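Student: Next come the chains, spelled out residue by residue.
Protein chains: 4
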Amino acid sequence: MLSSEIHIRVRYGEVDRMGYLHHGNYALYFEAGRTELLRELGLSYREMEDEGIITPVREMHVQYIRPALYDDEVIIKTILTKKPTAKLEFEYTMENSSGEVLCKAGTTLVFYDVSSRKPMRVPAFFLELVSPYFD
Amino acid sequence: MLSSEIHIRVRYGEVDRMGYLHHGNYALYFEAGRTELLRELGLSYREMEDEGIITPVREMHVQYIRPALYDDEVIIKTILTKKPTAKLEFEYTMENSSGEVLCKAGTTLVFYDVSSRKPMRVPAFFLELVSPYFD
Amino acid sequence: MLSSEIHIRVRYGEVDRMGYLHHGNYALYFEAGRTELLRELGLSYREMEDEGIITPVREMHVQYIRPALYDDEVIIKTILTKKPTAKLEFEYTMENSSGEVLCKAGTTLVFYDVSSRKPMRVPAFFLELVSPYFD
Amino acid sequence: MLSSEIHIRVRYGEVDRMGYLHHGNYALYFEAGRTELLRELGLSYREMEDEGIITPVREMHVQYIRPALYDDEVIIKTILTKKPTAKLEFEYTMENSSGEVLCKAGTTLVFYDVSSRKPMRVPAFFLELVSPYFD
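In order, the protein sequence lines correspond to chains U, P, A and E.
Those letters in the first sequence? Residues 1 to 135, by our numbering.
Those letters in the second sequence? Residues 1001 to 1135, by our numbering.
Those letters in the third sequence? Residues 2001 to 2135, by our numbering.
Those letters in the fourth sequence? Residues 3001 to 3135, by our numbering.
Don't take each hint at face value.
To be verified - Simulated pairs of lysine-lysine, DSS-like, Cα-Cα distance not exceeding 30 Å: (1) P:K1077 to U:K104; (2) U:K118 to P:K1104; (3) A:K2082 to E:K3104; (4) E:K3077 to A:K2118; (5) A:K2104 to E:K3077; (6) A:K2104 to A:K2083; (7) A:K2077 to E:K3087.
It is worth saying that the hints were derived from the structure and are not from the lab.
Owing to the predicted nature of the structure, the values given are computational and were not obtained by experimental measurement.
Please build the complete structure, drawing on both the sequences and the hints.
Tutor: Below, the structure is given as structure tokens:
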């Protein structure tokens, strides 16, 4: 299992009228989690994209359990749950600093080749980096 | 069945590096859809909230089928799928102006009483307004 | 003088903990105003960008006079104040439906050629479209 | 002079179609800078707001010098430039990790009493904390 953790301080403008982290902004936190998980593997998502491989999100589901509030420091745990094929599947948990679970979520991404404008299978360099975690 | 449609023009700053409406911003479009569905019923979500009843989102799932691009005009169809109890369940489809389905989604909200800080059942005035659609 | 008006309904998630339209989100409304002003001239900002001419914002100043609240319908008036040269200067006023001024703002953009990665002067087709308004 | 520095990694969804940190999102970074400057003084902006003192932004001006790109780590330096009276004035510089200045900005905030719904002068506890820096 391949996982990674980041800490994020909830910003003022990310919070809604109820004082809660707006439910749409969680997507940005998960995205930051994915970027860091890949960086820890030695892979720059930005470089991969600059080279013409993008990974659009195809599905997202989020279960909001307890609100995250302005100025809370939350911990996002990102897990690559399966060896990628044409899909790339991540799961996430968000906890507060007391260890309470605030949110559970999952996203499914696909690999897409910008030049051919077609979906593609997981690139070889990517598979090589993550394979050791799925033996 | 109770449903409503709104048209939204995708804004420049809502689009990401791929040129796609960022997947987190769909939540704002669905929220606008809910606000309009309630307005058409004669109910102001803002006033309900000012009177101390909030409806946090407990679950959201989104299936992204085709990207929405900057300056596309998209149509959000919002459906209240069930007679509300303690939960309020909506489904959404997003289409482009050619009628292609871009996205399907659903959200589950709960009613919450701000003064008692407790979940509550659907308020009577709310149930009365929506009941005719579920006979 | 070249100007244009758009109406925008303030979305739930655009509002902050004070209940005010978050001050960073005004930039999205001004951007929507620019897109519409150009569309009314017969110019698609998206197409211009697809053809390799981008217009990054170099300066923005905003004076927030009265807050815009969730579900308010606001009117953005966008004015192209000068005949463009290397710069493109817009001014904005935001009013509520009672005609009260909520905000005044200005932005300075520059033309930039993506392929040469260099700033450029206003393109001829652009200048031709706006020139009649500055005689 | 009272100042503070924070490091922020630019998120994927904060970046626009040009690949630049969207110009409206800088407001969120400056806000994070203010929150940290106050925290270092021993003041929680969240608690101040919970006690009924809010500080809406009245003016913002931003000069965008070089773009910040996805995954760049930027440094925001926040400076409280004057001893506050009824106004609270901050200046900001954003630099990249090579020390290049990306942006200069300033904001003017006002103190506002939620219960009386009126502007107010700087609270005594606030003035006491910052005064030593302005002798």
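Student: Would you mind confirming whether the straight-line C-alpha gap from K118 of chain U to K1104 of chain P stays at or under 30 Å?
Tutor: holds (22 Å)
Student: With a cut-off of 30 Å on the C-alpha distance, tell me whether K2082 of chain A and K3104 of chain E pass.
Tutor: holds (25 Å)
Student: Starting from K3077 of chain E, check that the Cα of K2118 of chain A is at most 30 Å away, please.
Tutor: holds (29 Å)
Student: Take the C-alpha atoms of K2104 of chain A and K3077 of chain E, compute the straight-line distance between them, and say whether it is at most 30 Å.
Tutor: holds (27 Å)
Student: Between the alpha carbons of K2077 of chain A and K3087 of chain E, is the straight-line distance 30 Å or under?
Tutor: holds (28 Å)
Student: Quickly compare the C-alpha distance for K2104 of chain A and K2083 of chain A to 30 Å and report which way the hint goes.
Tutor: holds (20 Å)
Student: Compare the distance between the alpha carbons of K1077 of chain P and K104 of chain U with 30 Å, and conclude whether the hinted pair is satisfied.
Tutor: The given pair, whose Cα atoms are some 27 Å apart, holds under the 30 Å limit.
Taken one by one, the earlier hints all hold for this structure without exception.
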